[in-house]
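Asker: If you want the building blocks of each chain, they are given just below.
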Amino acid sequence: MAKVLMKGNEAIGAAAINAGCRYFFGYPITPQNELPEYMSRELPKVGGVFVQAESEVAAINMVYGAAGSGVRVMTSSSSPGIALKQEGISYIAGAELPAVIVNIVRGGPGLGSIQPSQSDYNQSTRGGGDGDYHLLVYAPANIQEMVDLLQDAFDKADYYRNPVMVMGDGMIGQMMEPVEFKERPEVDLPAKDWAATGTEGKRAPNVINSLFLKPEELEDHNIRLTEKYDIMKNNEQRWETYNMEKPEIICVAYGTTARIVKSAIDTLKGEGIEIGLIRPITVWPFPEKAFVELPESAKMFLSVEMSMGQMIDDIKIVNQGRLPVEFYGRSGGMIPSPDGVVGKIRALLGGAK
Amino acid sequence: MDQKFIFAGFGGQGVMLMGQLITYAGMFEDLEVSWLPSYGPEMRGGTANCSVIVSDREVASPVISYDATTVVAMNLPSMDKFEEEVEKGGKLFVNSSLIERKSVRDDIDVYYIDANDVAVELGNAKAANMVMLGAILEITKVVSPEAVLKALEKIFGTAKAHLIPLNEEALKRGAQLVK
Numbered sequence: 040m041a042k043v044l045m046k047g048n049e050a051i052g053a054a055a056i057n058a059g060c061r062y063f064f065g066y067p068i069t070p071q072n073e074l075p076e077y078m079s080r081e082l083p084k085v086g087g088v089f090v091q092a093e094s095e096v097a098a099i100n101m102v103y104g105a106a107g108s109g110v111r112v113m114t115s116s117s118s119p120g121i122a123l124k125q126e127g128i129s130y131i132a133g134a135e136l137p138a139v140i141v142n143i144v145r146g147g148p149g150l151g152s153i154q155p156s157q158s159d160y161n162q163s164t165r166g167g168g169d170g171d172y173h174l175l176v177y178a179p180a181n182i183q184e185m186v187d188l189l190q191d192a193f194d195k196a197d198y199y200r201n202p203v204m205v206m207g208d209g210m211i212g213q214m215m216e217p218v219e220f221k222e223r224p225e226v227d228l229p230a231k232d233w234a235a236t237g238t239e240g241k242r243a244p245n246v247i248n249s250l251f252l253k254p255e256e257l258e259d260h261n262i263r264l265t266e267k268y269d270i271m272k273n274n275e276q277r278w279e280t281y282n283m284e285k286p287e288i289i290c291v292a293y294g295t296t297a298r299i300v301k302s303a304i305d306t307l308k309g310e311g312i313e314i315g316l317i318r319p320i321t322v323w324p325f326p327e328k329a330f331v332e333l334p335e336s337a338k339m340f341l342s343v344e345m346s347m348g349q350m351i352d353d354i355k356i357v358n359q360g361r362l363p364v365e366f367y368g369r370s371g372g373m374i375p376s377p378d379g380v381v382g383k384i385r386a387l388l389g390g391a392k
Numbered sequence: 012m013d014q015k016f017i018f019a020g021f022g023g024q025g026v027m028l029m030g031q032l033i034t035y036a037g038m039f040e041d042l043e044v045s046w047l048p049s050y051g052p053e054m055r056g057g058t059a060n061c062s063v064i065v066s067d068r069e070v071a072s073p074v075i076s077y078d079a080t081t082v083v084a085m086n087l088p089s090m091d092k093f094e095e096e097v098e099k100g101g102k103l104f105v106n107s108s109l110i111e112r113k114s115v116r117d118d119i120d121v122y123y124i125d126a127n128d129v130a131v132e133l134g135n136a137k138a139a140n141m142v143m144l145g146a147i148l149e150i151t152k153v154v155s156p157e158a159v160l161k162a163l164e165k166i167f168g169t170a171k172a173h174l175i176p177l178n179e180e181a182l183k184r185g186a187q188l189v190k
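Taken in sequence, the protein lines are chains U and G. The first sequence begins at 40 in the working numbering and counts up by one. The second sequence begins at 12 in the working numbering and counts up by one.
Watch out, some of these pointers could steer you wrong.
To be verified - To give a feel for the contact side, a few chain U residues facing chain G, derived at Cβ under 7 Å: (1) E216; (2) V246; (3) R298; (4) K301; (5) S302; (6) T306.
Keep in mind the hints are simulated off the structure, nothing from the lab. Since the structure is predicted, the reported quantities are computational estimates derived from the model, not experimental observations. Think of the CB as a built atom: it goes at the ideal place given N, C-alpha and C, for glycine as much as any other residue.
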């Protein structure tokens, strides 16, 4: 199929429908409004259902209900709206249901701003709701990758019976890039024999529930969930590396920030300064496999983020004390410039001599 | 080779469309492209702008930060804000129908285009953006006018197809202004 030029938010909608999503429940918030707008227009054309709920809390509980019936369902919001959805997300994880949640991140805390940010890293990777649970979290860097990952997200959600989050920022939601909707191989997924679809008097009812009053049962449930998360940790790590042959500094950046870092790396390469990049594509699970063997030339890590440094902890965990971990970031809707990153790297190299 | 454009003006001048046309046209010519709009409350009645990158390799950062190869200012607040974002040796296109002052830069090429006046001569003041775009294409050669026309047909669809001859004429007049 030929490339088309699409706004990020609309491309998400097209990718979801391509992946078989037929149900969308949401509530408006900038900078992701083009996505529900697209779904409201396009879902009815394919026999789907779009509901603008009365609140984010209502929307995520509609997702919970639809997911319980076994259909492919999605919701989207931006940071403060995702914060409101955390209770429902925890319930969906607890009841082991597949759903896709899109967060087009804006500045926080609180209502914050409407400009791009990455300050929901902790919220998405640590579990913003209650209890021992994890989401699989994808952080695409361009619209093509977002489309590809969004479609994967539905398969992974079904496979693991777990909510999957796709986290972008205001920039990737608003920008336009060429995108291609590729033919996707059929994925072999288990039958949804757990779904509450009506027994027709032929079987015992399927119960969708996250309440386990007996502590022994809840502990067993938690152990089983953790075993599932361990499998996800082992099998679902994704990352990209860039210029990692003999870097003096290894940058770690995800999403659109990684593109800005790549520009900075290209500029410095022109001056003979070698800087590498590890770009997590999954932020949960964090791609620890990318950090096992490091080039001997590397003197330090530099985390570059559109936040005050929420990813530093994960880098420190996988670094295991081998190298210093430095930080450069902008926040509040300010976007780091390639020049800013170059300046920080120059300062770090000057200090390291 | 990257060409980095900032298009800026007030809401309604068609600055987003100018950017989108170059983005579409670049895609039709198998170049790598990105289009990044400003968004937020400032768009209502205030200034609107978008950043467009056209490149022969993967577009890294879609953000332009004081390294624009071309800035297009359709009104005075836009010129005041973005004049300094042109990189040394870059180009500044000024809509001299609405902007009386001259550029303060002496290290860039500046083109003064009477975009609104020419558009009015053509019979539709709304075509000022296309007059400007014609001049930009002629000078920067970023994409071919043919690809822009194809993009215009794509964006306008059948509903606005009757406006294409006027826009085509505006592109030609804009190009003639700088030939």
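Asker: Hint by hint, note whether the structure agrees.
Answerer: Quick rundown of the hints versus the structure:
| no. | hint | result |
| --- | --- | --- |
| 1 | E216 | 5 Å, holds |
| 2 | V246 | 44 Å, violated |
| 3 | R298 | 5 Å, holds |
| 4 | K301 | 4 Å, holds |
| 5 | S302 | 4 Å, holds |
| 6 | T306 | 10 Å, violated |
Violation of the numbered hints given earlier is confined to hints 2, 6; the remaining hints are satisfied by the structure.
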